[in-house]
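Student: Protein chains in written order, with numbering that gives the first Met the number 0: chain E, 0 to 341; chain H, 0 to 341.
Bear in mind the hints are in silico, worked out from the structure with no lab data behind them. None of these values were measured; they are calculated from a predicted model. Be aware that a few hints might be false.
Which copy is meant is left open, so a pair is good if it fits within one copy or across any two.
[What the hints assert, rightly or not] Cut-off 27 Å, straight-line C-alpha distance, at most; resulting in silico cross-link-like pairs (DSS-like, lysine-lysine): (1) K225 x K249; (2) K262 x K238; (3) K262 x K149; (4) K238 x K335; (5) K101 x K335.
Protein chains: 2
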Amino acid sequence: MKKIQHLVLVSLVIGLIVSCTPSVNVKPDDVSTPIQTKDPLPSWNEGESKSNVLAYVTDVTDKNSPNFIPISDRIATFDNDGTLWSEQPFYFQLFFAIDRVKAMASEHPEWKDTQPFKAVLDNDMESLAKQGEHGLIQLVMTTHSGSTQKEFETEVKEWIATAKHPSKNVGYDKLVYQPMLELLDYLRANNFKTYIVSGGGVDFMRAFVSEIYGIPSEQIIGTRMKTEFDYNNGNPVIKRLPAIDFVDDKEGKPLNIQKIIGKKPVFAGGNSDGDLQMMQWTASNTHKSFMLYVHHTDSVREWAYDRDSHIGRFDKGLDQAIQDGWTLVDMKNDWKVVYPPR
Amino acid sequence: MKKIQHLVLVSLVIGLIVSCTPSVNVKPDDVSTPIQTKDPLPSWNEGESKSNVLAYVTDVTDKNSPNFIPISDRIATFDNDGTLWSEQPFYFQLFFAIDRVKAMASEHPEWKDTQPFKAVLDNDMESLAKQGEHGLIQLVMTTHSGSTQKEFETEVKEWIATAKHPSKNVGYDKLVYQPMLELLDYLRANNFKTYIVSGGGVDFMRAFVSEIYGIPSEQIIGTRMKTEFDYNNGNPVIKRLPAIDFVDDKEGKPLNIQKIIGKKPVFAGGNSDGDLQMMQWTASNTHKSFMLYVHHTDSVREWAYDRDSHIGRFDKGLDQAIQDGWTLVDMKNDWKVVYPPR
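Chain E on its own, in the form it takes in the complex (with noise of 0.2 Å):
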């Protein structure tokens, strides 16, 4: 747990630094190239990884295949930040917890004088900074817990539906990825089951992404609160309390994985080291299964940032992604389209 916290609280002052540089203009995505109807790919350039993702599926669906697996064994897995989504300057959830205080402080005078709240609500990012790992706790928790499920939901989804990303300036549901969007299609297409496998906040995801990915929450798994049944006098709620029940990240992949949906994925799509335990759990089945993981190169339509990143750091799973010949997708050449046309 604490290193959770700790990784938290690297993020975010990386993070509040770089949201203060200016921002970087977005460049319309290339979207010159006709898109096939027959492909089912079309966002994705001609090359390995492409080929290699479809000469995979056509393989273990072909009955006739020594490779093939039955379709109640097709479970494909996929981390989300920076798999589906951007994560840049920092976890948009993060950008949730800062602006729920804002939303909140009007029920919250005393926040005015009282830190962690005071440095957010004066945009004061040094000082919030300085508030060190307490400081962001009680920031999460005070704008994670205290609701029920369903406020909390309404909370996020009113959110969405307004907040603004720093640099890119749109809602961060236009920031998922294209091609990602068409993978997920294309599995589905062939019968495999997908699911989200997140570090985020379970409840947070499924408040908006099932829309957008096309996955239903019961196939939406990540970090949890612990919570609290309350019959309250026939009108029953699940209240959210104040502490981290599970951390749905590196080793607790795979477990939460095994927990919940008791079966190994054969294809699993990641983009950090925190995705690495799931992709070497995948890599260990004994139907042939697929690692993917997207390397963000790409810094002009996306961020470019591996090894050293403290967002998203992709340095363990690298070297083994090279060793092992996993699919290494490659944002800046492989993608035609970083994110969904406008």
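Chain H: place on chain E using the hints.
Tutor: Showing chain H alone in chain E's frame:
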């Protein structure tokens, strides 16, 4: 946890007493009534329980009804022990624990002189009961942890293929309720997604119930052990630790439903007070919902017990079912057969 441990102990003691009484002769199920192919619930006698179910499903799947429920919200959750299969003289999973001790004894010569194992090996149920809570926990932890997920699955599969119920003298998997199998089928035919939400061990159930109930492992929710991921030099395994991760009973049921499914059920089936919170949660759905309680009224074909039973106690749940007009299945009168014909 204390409460659960106590309950388990009480169950064991009661179970041991009951299992030492002469076994009731199993009368062959009444299969004289011809089964009509067009009736989705052929093993149910005509009556209020059956007509309630049929009327509900017809109503909520009718697009022109004000009570229509979209397919994505048709979540049906069922308890297992006492709802989908028998649970007397005590939970079948406890028979597994006892049988495992016997199977493992050759690797543990020290058990011949060590309680609680000695009592199990001597078939000395009186001594076993004297070992108390601590002894029982030792028994469960020893037989349900220390192995990998894969090894545990194999152990359960081997047990279910060979073990026989002490009084019914058939495999435990033959003691599922035929009318409930038909209900599960009927709901699925109407695009309900059927789940098991049981106090029993999730991995114990997953090892064999999918085929019987037609429910895949990812729709089985139960009590979980803590686990650990071990990369194991490229042959990763998940190890079962001797500690309980989550008890899926009472308020744990709606909490787990929210954590794992993220949607409130519209249909819930149970048989005891351990299911009451799941029923209450389901009853609070804004969609029209259905609460079905199986009432064990058949002392000849199955067992008769409710308010005073230490296994599957049905007291507060019975009160609320009567008060709120939930459907109470009278096993003796509502079911033509209890178990599948052999």
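Student: Next, verify each hint and record whether it holds.
Tutor: Hints, verified against the model:
no. : hint        : result
1   : K225 x K249 : both (20 Å within a copy, 16 Å between copies)
2   : K262 x K238 : between (30 Å within a copy, 15 Å between copies)
3   : K262 x K149 : between (30 Å within a copy, 11 Å between copies)
4   : K238 x K335 : neither (44 Å within a copy, 43 Å between copies)
5   : K101 x K335 : neither (38 Å within a copy, 63 Å between copies)
The structure fails hints 4, 5 (numbered hints given earlier, in ascending order).
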